[in-house]
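The residues making up each chain are set out below.
There are 2 protein chains.
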Amino acid sequence: MSEVLSAGGPQQARSMGGFEEVASAQCFGGTQLTLVHDSETTGTPMRVSVYLPPAAKAGPLPAVYYLSGLTCSEENFTVKAGAQRMAAETGVIVVAPDTSPRGDGVANAPDYDLGQGAGFYVDSVVQPWAKHFKMSSYISRELPELIAEAFPVKREAVGICGHSMGGHGALTLALRHPDTFKSVSAFAPIVAPSQVPWGRKAFAAYLGPDETAWRDYDACSLLRERSFSSQILIDQGDADPFLDEQLQTWRLVDVLKETGQSAKVRMQPGYDHSYFFIASFIDDHLRHHARILKAL
Amino acid sequence: MSEVLSAGGPQQARSMGGFEEVASAQCFGGTQLTLVHDSETTGTPMRVSVYLPPAAKAGPLPAVYYLSGLTCSEENFTVKAGAQRMAAETGVIVVAPDTSPRGDGVANAPDYDLGQGAGFYVDSVVQPWAKHFKMSSYISRELPELIAEAFPVKREAVGICGHSMGGHGALTLALRHPDTFKSVSAFAPIVAPSQVPWGRKAFAAYLGPDETAWRDYDACSLLRERSFSSQILIDQGDADPFLDEQLQTWRLVDVLKETGQSAKVRMQPGYDHSYFFIASFIDDHLRHHARILKAL
Chain A
5 MSEVLSAGGP
15 QQARSMGGFE
25 EVASAQCFGG
35 TQLTLVHDSE
45 TTGTPMRVSV
55 YLPPAAKAGP
65 LPAVYYLSGL
75 TCSEENFTVK
85 AGAQRMAAET
95 GVIVVAPDTS
105 PRGDGVANAP
115 DYDLGQGAGF
125 YVDSVVQPWA
135 KHFKMSSYIS
145 RELPELIAEA
155 FPVKREAVGI
165 CGHSMGGHGA
175 LTLALRHPDT
185 FKSVSAFAPI
195 VAPSQVPWGR
205 KAFAAYLGPD
215 ETAWRDYDAC
225 SLLRERSFSS
235 QILIDQGDAD
245 PFLDEQLQTW
255 RLVDVLKETG
265 QSAKVRMQPG
275 YDHSYFFIAS
285 FIDDHLRHHA
295 RILKAL
Chain B
5 MSEVLSAGGP
15 QQARSMGGFE
25 EVASAQCFGG
35 TQLTLVHDSE
45 TTGTPMRVSV
55 YLPPAAKAGP
65 LPAVYYLSGL
75 TCSEENFTVK
85 AGAQRMAAET
95 GVIVVAPDTS
105 PRGDGVANAP
115 DYDLGQGAGF
125 YVDSVVQPWA
135 KHFKMSSYIS
145 RELPELIAEA
155 FPVKREAVGI
165 CGHSMGGHGA
175 LTLALRHPDT
185 FKSVSAFAPI
195 VAPSQVPWGR
205 KAFAAYLGPD
215 ETAWRDYDAC
225 SLLRERSFSS
235 QILIDQGDAD
245 PFLDEQLQTW
255 RLVDVLKETG
265 QSAKVRMQPG
275 YDHSYFFIAS
285 FIDDHLRHHA
295 RILKAL
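In order, the protein sequences belong to chains A and B. Our numbering puts the first residue of the first sequence at 5, with every later residue one more than the last. Our numbering puts the first residue of the second sequence at 5, with every later residue one more than the last.
Treat the hints with caution; some may be incorrect.
What the hints assert, rightly or not - Subject to a maximum C-alpha distance of 20 angstroms in a straight line, what follows is the list of computed SDA-like cross-link-like pairs (lysine to any residue):
hint: 1; chain 1: A; residue 1: Lys-61; chain 2: B; residue 2: Gly-274
hint: 2; chain 1: A; residue 1: Lys-135; chain 2: A; residue 2: Ala-113
hint: 3; chain 1: B; residue 1: Lys-61; chain 2: A; residue 2: Lys-135
What the hints assert, rightly or not - Restraint-style ranges between C-beta atoms, simulated for each label pair:
hint: 4; chain 1: B; residue 1: Val-130; chain 2: A; residue 2: Glu-24; range: 43 to 49 angstroms
hint: 5; chain 1: B; residue 1: Gly-109; chain 2: A; residue 2: Ala-243; range: 33 to 39 angstroms
hint: 6; chain 1: A; residue 1: Arg-291; chain 2: B; residue 2: Val-257; range: 37 to 43 angstroms
hint: 7; chain 1: B; residue 1: Ala-299; chain 2: A; residue 2: Pro-114; range: 56 to 62 angstroms
Hint data in this document are derived by calculation from the structure and do not stem from the laboratory. Ideal Cβ placement from N, Cα and C applies to all residues, glycine included.
Could you build all of it, start to finish, from the sequences and the hints given here?
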């Protein structure tokens with residue numbers, strides 16, 4: 005599905021802070037970048053997509069991190085969600101990282117739901133995964149630091165959003181790193197990975213058999229211990245084929261009722277798990293983040 | 005870049021008029037379909053993407069055909085252009101066909117700019133291409149007939165748009181079939197295929213060495229002979245790497261000046277040839293078509 009894009013040979017790569025440019029295109033008056041850098045945290049090259057809205061030329065802006073789901077790279081959201089239009093309109097920088105370390109020297113599994121493309125936003129403590137799979141520290145510490153050094157980000161106005169496995173990542177990273185992330189939203193998140201097949205398989209591999217260590221990466225468990233400072237926004241399609249077995253949104257709804265955490269959980273009739281669903285509601289999510297982050 | 009979409013096995017295919025459903029997803033309150041049918045014109049199965057906006061439930065609507073460029077299938081535009089939002093807002097059905105017949109029994113070439121994925125929207129008269137490569141008749145006759153039978157299309161309110169090779173297709177098919185297409189626009193079109201390497205290679209293969217036969221498929225030649233009933237809209241990025249050698253927009257600008265054909269040609273500073281460019285201006289194109297088609 006890739007189109008012919010360049011007639012000439014490779015262009016000279018530009019450096020931006022700690023990043024090298026892989027690709028750049030103008031979009032809605034701003035710039036859509038694909039970047040790569042050598043991550044100290046994962047010990048691998050990591051790709052990341054950054055959209056700079058037109059207002060980025062004039063000074064620091066809020067930023068929203070978007071975490072993708074199983075099998076995705078930084079590219080899926082970048083080309084499929086149509087987020088640039090509203091990011092340009094609201095003046096928000098959008099950062100979409102890859103979902104795991106990758107490469108020949110990186111552990112992998114034949115399954116789509118473990119290994120490369122399936123980092124689950126945890127810091128693994130079990131080999132062979134522990135060598136490179138440190139996505140929690142990468143997303144919450146190294147990447148925001150590098151992004152803020154390279155681009156005009158208001159460090160106190162950063163939010164996080166994600167889809168499916170990335171919705172789990174957004175919720176858990178926001179709850180665990182409230183100094184870094186001030187707004188959070190999710191599309192069709194895995195809300196209780198300790199209780200569902202995708203999460204149990206990944207956590208057993210990455211974190212080991214002691215399930216008490218899983219709680220730090222389980223949004224439902226975390227919400228029983230701590231609250232988040234702004235309203236949580238969640239959209240979930242009721243025609244999503246993963247809803248019953250893997251996503252189980254009702255577990256989160258129960259915890260929200262128990263705890264009184266401010267949240268808006270919208271069951272969207274007829275929508276599935278695809279980027280057609282994400283594209284339909286990405287504007288609402290970016291407005292949600294912009295409203296909270298601009299008031300800080 | 006494909007995500008995990010379905011947990012279960014293959015669903016039972018639905019039939020819609022002459023089409024079988026390959027995939028369906030709700031998007032912006034409407035339905036994004038991927039369909040397949042056995043084309044009498046090409047003698048092959050042909051895939052086509054159809055977006056039905058919410059208003060399609062209430063009665064006949066205008067339709068806009070979108071023709072893709074080299075190497076693309078029906079999928080690129082469908083997942084990358086973000087057209088569904090404005091199609092839902094304006095109440096326009098969007099139809100995105102494949103760019104050629106495909107399959108093991110279909111002639112092909114090792115090059116990206118000839119054969120499967122590169123039909124150039126002509127009816128080939130030279131074997132081996134002539135057996136299946138009849139994209140002109142397919143897009144202008146068979147497909148609109150089947151679409152209007154299967155979906156609530158106002159047959160007198162149909163427009164056509166395209167990108168690159170598909171921009172060439174949109175311009176030439178609109179000029180040659182004004183009874184079928186009442187509005188036309190293009191992104192970065194090949195405007196004079198008879199004069200540029202991509203076009204000359206394809207036309208020599210598909211149409212033979214007699215260049216007088218090429219004129220019917222050359223927008224600049226056609227515009228010297230006939231006018232179009234509504235304003236032509238064209239967007240072209242000035243950072244497009246194909247502008248100088250393959251697109252040569254100035255040739256069209258000269259013909260428009262000579263003939264007085266109503267047209268708006270916008271050189272867009274900083275934009276390249278990618279879907280980031282198309283996404284940035286697709287709203288304007290859909291509004292252009294909706295304005296003309298709704299006034300009919």
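Quick rundown of the hints versus the structure:
| no. | hint | result |
| --- | --- | --- |
| 1 | Lys-61/A with Gly-274/B | holds, 15 angstroms |
| 2 | Lys-135/A with Ala-113/A | holds, 15 angstroms |
| 3 | Lys-61/B with Lys-135/A | violated, 54 angstroms |
| 4 | Val-130/B with Glu-24/A: 43 to 49 angstroms | holds, 47 angstroms |
| 5 | Gly-109/B with Ala-243/A: 33 to 39 angstroms | holds, 37 angstroms |
| 6 | Arg-291/A with Val-257/B: 37 to 43 angstroms | holds, 40 angstroms |
| 7 | Ala-299/B with Pro-114/A: 56 to 62 angstroms | holds, 57 angstroms |
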